[in-house]
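Chains A and B are the protein sequences, given in the same order.
Start counting the first sequence at 1; every next residue gets the next number (my numbering).
Start counting the second sequence at 1; every next residue gets the next number (my numbering).
In short, the hints are calculated from the structure, not lab data.
Values in this document were obtained by computation on a predicted structure and should not be read as measured data.
Honestly, I wouldn't trust all of these hints.
Straight-line Cα separation of at most 30 Å, BS3-like style, residue types lysine-lysine; simulated pairs [stated by the list, open to error]: (1) A/K74 / B/K137; (2) A/K86 / B/K113; (3) B/K22 / B/K38; (4) B/K70 / A/K39; (5) B/K104 / A/K69; (6) B/K104 / A/K60; (7) B/K104 / A/K40; (8) A/K51 / B/K113; (9) B/K78 / A/K93; (10) B/K2 / B/K22; (11) A/K93 / B/K22; (12) B/K104 / A/K51; (13) A/K69 / B/K131; (14) A/K93 / B/K70; (15) B/K38 / A/K84.
Pair by pair, the computed Cβ-Cβ distance ranges are [unchecked claim]: (16) B/F65 / A/K84: 19 to 25 Å; (17) A/L54 / B/E30: 28 to 34 Å; (18) B/T37 / A/R66: 24 to 30 Å; (19) B/G153 / A/N88: 21 to 27 Å; (20) A/Q106 / B/E177: 29 to 35 Å; (21) B/Q15 / A/N88: 46 to 52 Å.
Output of the computed footprint for chain A on chain B, the stretches with three or more beta carbons under 8 Å from beta carbons of chain A [said to hold, decoys possible]: (22) 92-101; (23) 105-115; (24) 211-223.
The C-beta atom is built at its ideal place from N, Cα and C for all residues, glycine as well.
Chain by chain, the residues:
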Amino acid sequence: MSRLSINFKQTPVFRPEKLIRDRKKGTKMFEAKVYIVLKKTVADPQGLTVKAALESLRFKEANEVRIGKLITIKLNLKDKKEAKAKLNQMCQKLLANPIIEDYSFQINEV
Amino acid sequence: MKFGVVVFPGSNCDQDCFYVVKDVLKQPVEYIWHKDTKLDNLDCIILPGGFSYGDYLRTGAIARFSPVMKSIADFARKGGTVIGICNGFQILLEAGLLPGVMLKNRNLHFICKHVYIKTQNIQTRFTSLYKQGQILKMPIAHNEGNYYIDAAGLRELRDNNQVVFRYCSATGKDSDEFNPNGTLANIAGIINKRGNVLGMMPHPERSSERELSSQDGYFIFKSIVQWLKARRVW
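Starting from the given sequences, assemble the full structure and let the hints guide the process.
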């Protein structure tokens with residue numbers, strides 16, 4: 001292609017909305033919020049430290065503080081059922097350590 | 001006889017392990033990149049310390065899926081000798097090659113100091129050169145050395161004599177006072193049921209020469225060499 005006939009539609013510019021517009025035909029875009037928390041039986045020194053910090057700021061109402069993780073994942077799949085199945089696999093295989101962590105997630109279509 | 005030291009992105013104790021095997025132990029050794037899957041006639045694999053994958057998500061959680069880990073799992077299944085030090089121990093736990101899990105140190109600090117550990121099991125290929133209950137001086141340097149396993153798991157470890165090293169005082173007292181990180185039952189190192197995979201938090205490669213204030217760790221490597229020599233003819 002000669003330099004004089006550049007097709008501007010092919011200029012590589014990043015457009016975030018492209019992600020949703022370009023999803024595969026017949027699929028939906030989901031956003032999942034995965035919560036990873038320590039099991040109730042596992043001690044959480046971080047949580048205790050934060051509770052102490054809250055108390056020192058005079059928030060004596062704070063009763064029990066536990067710290068977990070929030071992981072957001074965008075998925076491009078057929079339906080919510082498939083998304084749920086894939087997320088379960090992801091959590092069990094990598095995102096949570098089943099010995100000490102429990103997981104839960106919410107899926108929304110975007 | 002050949003040793004292999006695995007290098008993950010973020011490993012930083014690989015060179016110390018390599019140096020101890022090559023220049024102190026005087027045995028052939030090579031580096032294994034985490035993407036290599038061919039373990040050429042290796043007799044002992046060392047997973048060194050460091051911060052593989054930045055300890056992202058959970059320490060060792062991502063390194064356990066490196067291509068080399070499948071080969072190491074096969075190697076261990078066939079009875080090959082594997083030693084995981086610090087981050088290496090954490091990777092072996094995440095990979096399921098050793099039971100249990102590592103939590104953050106209970107005081108939430110990165111602890112970097114010399115400690116004393118007691119040798120509980122001298123019947124392993126790693127500890128045959130120690131006396132029963134021998135106290136070793138070794139450095140620890142970790143943020144997640146708080147070993148945990150459920151009650152049934154702990155019972156199994158004890159029944160099968162899988163607890164190899166426990167933190168103690170300089171005179172061998174193993175109370176909680178000498179537990180640097182909150183680890184269950186002062187556990188510093190364990191082996192698998194079969195006895196061919198060892199995981200330990202203290203660094204034997206940093207206590208293999210008198211100049212580093214302790215030579216106690218050297219005998220773990222020497223013990224491995226002796227065990228391998230007794231089983232193969234070179």
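Evaluation of the provided hints:
A hinted pair counts as satisfied when its Cα atoms are at most 30 Å apart, and A/K74 with B/K137 does not qualify at roughly 49 Å. Of the pairs offered as hints, the one joining A/K86 and B/K113 is violated, with about 44 Å between alpha carbons and a cut-off of 30 Å exceeded. In summary, the hint linking B/K22 to B/K38 is supported, as the alpha carbons are separated by about 21 Å, within the 30 Å threshold. Proposed proximity of B/K70 and A/K39 is supported: the alpha carbons are some 29 Å apart, at most 30 Å.
Of the supplied pair hints, the one linking B/K104 and A/K69 holds, its CA atoms being roughly 15 Å apart against a limit of 30 Å. Restraint check for B/K104 and A/K60: the C-alpha separation of about 26 Å stays at or below 30 Å, so the hint holds. Of the pairs offered as hints, the one joining B/K104 and A/K40 holds, with about 16 Å between alpha carbons and a cut-off of 30 Å not exceeded. A distance of roughly 29 Å separates the Cα atoms of A/K51 and B/K113; the hinted pair therefore holds under the 30 Å criterion.
Between the alpha carbons of B/K78 and A/K93 the distance comes to roughly 24 Å, so the proposed pair stays at or under 30 Å and holds. Pair hint B/K2 plus B/K22 holds up; C-alpha atoms about 10 Å apart against a cutoff of 30 Å. As the CA atoms of A/K93 and B/K22 are separated by approximately 37 Å, the hinted pair breaks the 30 Å bound. Of the supplied pair hints, the one linking B/K104 and A/K51 holds, its CA atoms being roughly 17 Å apart against a limit of 30 Å.
Restraint check: the Cα-Cα separation between A/K69 and B/K131 comes to about 45 Å, which exceeds 30 Å; the hinted pair is violated. For the suggested pair A/K93 and B/K70, the alpha carbons sit about 15 Å apart, so the restraint of at most 30 Å is met. For the suggested pair B/K38 and A/K84, the alpha carbons sit about 36 Å apart, so the restraint of at most 30 Å is broken. B/F65 and A/K84 have their C-beta atoms about 23 Å apart, which keeps the hinted 19 to 25 Å range intact.
Between A/L54 and B/E30 the C-beta distance comes to about 52 Å, which lies outside the given range of 28 to 34 Å. Between B/T37 and A/R66 the CB atoms are about 40 Å apart, so this pair departs from the stated range of 24 to 30 Å. One distance hint, 21 to 27 Å for the beta-carbon pair B/G153 and A/N88, holds here, with the actual separation near 25 Å. Between A/Q106 and B/E177 the C-beta distance comes to about 45 Å, which lies outside the given range of 29 to 35 Å.
In this structure, B/Q15 and A/N88 break the distance hint of 46 to 52 Å, their C-beta atoms being roughly 41 Å apart. Note: the region 92-101 of chain B has 3 residues with beta-carbon separation from chain A under 8 Å; the three-residue rule is met and the coverage holds. Under the rule that three or more residues need a Cβ within less than 8 Å of chain A, the assignment of the region 105-115 of chain B holds, with 3 such residues. With 0 residues having a beta carbon nearer than 8 Å to a beta carbon of chain A, the region 211-223 of chain B misses the requirement of three or more and the stated coverage is violated.
In summary, the structure is inconsistent with hints 1, 2, 11, 13, 15, 17, 18, 20, 21, 24 from the numbered list given earlier, while agreeing with the others.
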